[in-house]
Amino acid sequence: MATIAPEAAYDRDTFHLVEKDAHDHGTGHASPVLLGFWIYLMSDALIFAALFATYGVLSTSFAGGPTPRDIFELELVALNTAILLVSSITYGFAMLAMEKGRTRSVQLWLAITALLGISFVSIELYEFGVLIAEGATPQRSGFLSGFFTLVATHGLHVTVGIIWIGIMMLQVGRYGLNIVNKRRLMCLSMFWHFLDVVWIGVFTFVYLMGMVR
Amino acid sequence: VGDHVAAAFTPVVHDLDAWYDMKSRGYAHPKEGFRAIHMPRNTGTAIIQSGLAAALGFAMVWYMWWLAALAFVALVAVTVWHSFDYYRDYDIPADEVARVEREKLSYLNINYAPDPALLPTGKSGAVAPAGA
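Chains Z and F are the protein sequences, given in the same order.
If you count by my numbering, then the first sequence holds residues 1 to 213, one letter each, in order.
If you count by my numbering, then the second sequence holds residues 1 to 132, one letter each, in order.
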């Protein structure tokens, strides 16, 4: 029978469709979870965009307090940047090992990445400690409020990433490189690289431009 | 697990008044060909996380640092706990789907095989007189 309605993609006498065979939910390579994770990352990017904009407005509001030139130690920040960039490479090696199905190797590279992440957060906390000891607290000026909010939010993300890496090392060890764990490693990879990209923004706009001004 | 089958099949609609259209064309409920239905398992994790996140937000607004720390740690702990649950879906077996469908149709008092003599012919909306 000829169908008249253009939207009628089914036979005119078909009134129901049979349920498909048991299909894969959120575990396969074309998993909807990855799209969902991208949407999460973009919403997280909005948070950072708002914090960058806030910092941009407040970055010269010193209220008679210290300026970036007075308090930033560029050598320390350069070291931190290098650590975070190298941690992205080591995470990449973990993903290569995952593709080859080498569980031990994945765990090893994850451990190295986590150690680099811990170094990064430790140096950042040390930097915060020095600033606060000098009296450059978040309450001192608009510039310092914006600075601590932006940088600490990034640091909190890295901390959560380190916890996640630890969990993945445990789960890969216990359950192997199954399809769910591979997907999780993929999401964690996106998360970790995303934090790296945000840090490039922090390094450039907060530290470098702060020193130039 | 409490299995509740809402619909064994995905309906296909051809007309504004789909039910009238189906009756006009002599649609009969299927009595075989049921397949297993893939389902997510129930979990209360999302609502627990929401509650903890609300507590965290409240604590942060009012500078209640002890509650903020507690809620944050609890939030991370619940999330990690949930991540160790790898069995998140199941199938309703085809037999079960068929049984529920049979039960439903028996409530509705629908005959499996409509009398061909009562079926209308053609498409033009001509329907056999009701109660024939």
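Honestly, the hints are just simulated from the structure, not real lab data.
Be a bit skeptical, because a hint or two may be false.
[Said to hold, decoys possible] With the C-beta cut set under 10 Å, the calculated list includes, among others, these residues of chain F facing chain Z:
#1 7
#2 18
#3 33
[To be verified] Cβ-Cβ distance ranges computed for the label pairs, FRET-style:
#4 Z/34 / F/51: 41 to 47 Å
#5 F/10 / Z/126: 16 to 22 Å
#6 F/87 / Z/76: 43 to 49 Å
#7 Z/89 / F/48: 22 to 28 Å
#8 F/41 / Z/47: 52 to 58 Å
#9 F/70 / Z/101: 25 to 31 Å
All residues carry an ideal CB built from backbone N, CA and C; glycine is no exception.
Status of the hints after comparison with the structure:
Below 10 Å, beta-carbon pairs count as interface contacts, and residue 7 of chain F has one with chain Z at about 9 Å; its hint therefore holds. At its closest, the beta carbon of residue 18 of chain F sits 8 Å from a beta carbon of chain Z; the interface hint therefore holds under the 10 Å criterion. Against a cut-off of 10 Å between C-beta atoms, the interface hint on residue 33 of chain F holds, since the closest Cβ of chain Z lies about 6 Å away. Checked against the hint of 41 to 47 Å, the pair residue 34 of chain Z and residue 51 of chain F fails, with Cβ atoms roughly 28 Å apart.
At roughly 60 Å, the beta-carbon separation of residue 10 of chain F and residue 126 of chain Z lies outside the given 16 to 22 Å, and the hint is violated. Separated by about 47 Å at the C-beta atoms, residue 87 of chain F and residue 76 of chain Z satisfy the suggested range of 43 to 49 Å. A C-beta distance of roughly 37 Å is found between residue 89 of chain Z and residue 48 of chain F, which places it outside the suggested range of 22 to 28 Å. Residue 41 of chain F and residue 47 of chain Z have their C-beta atoms about 32 Å apart, which leaves the hinted 52 to 58 Å range violated.
Checked against the hint of 25 to 31 Å, the pair residue 70 of chain F and residue 101 of chain Z fails, with Cβ atoms roughly 41 Å apart.
Of the numbered hints listed earlier, those contradicted by the structure are 4, 5, 7, 8 and 9.
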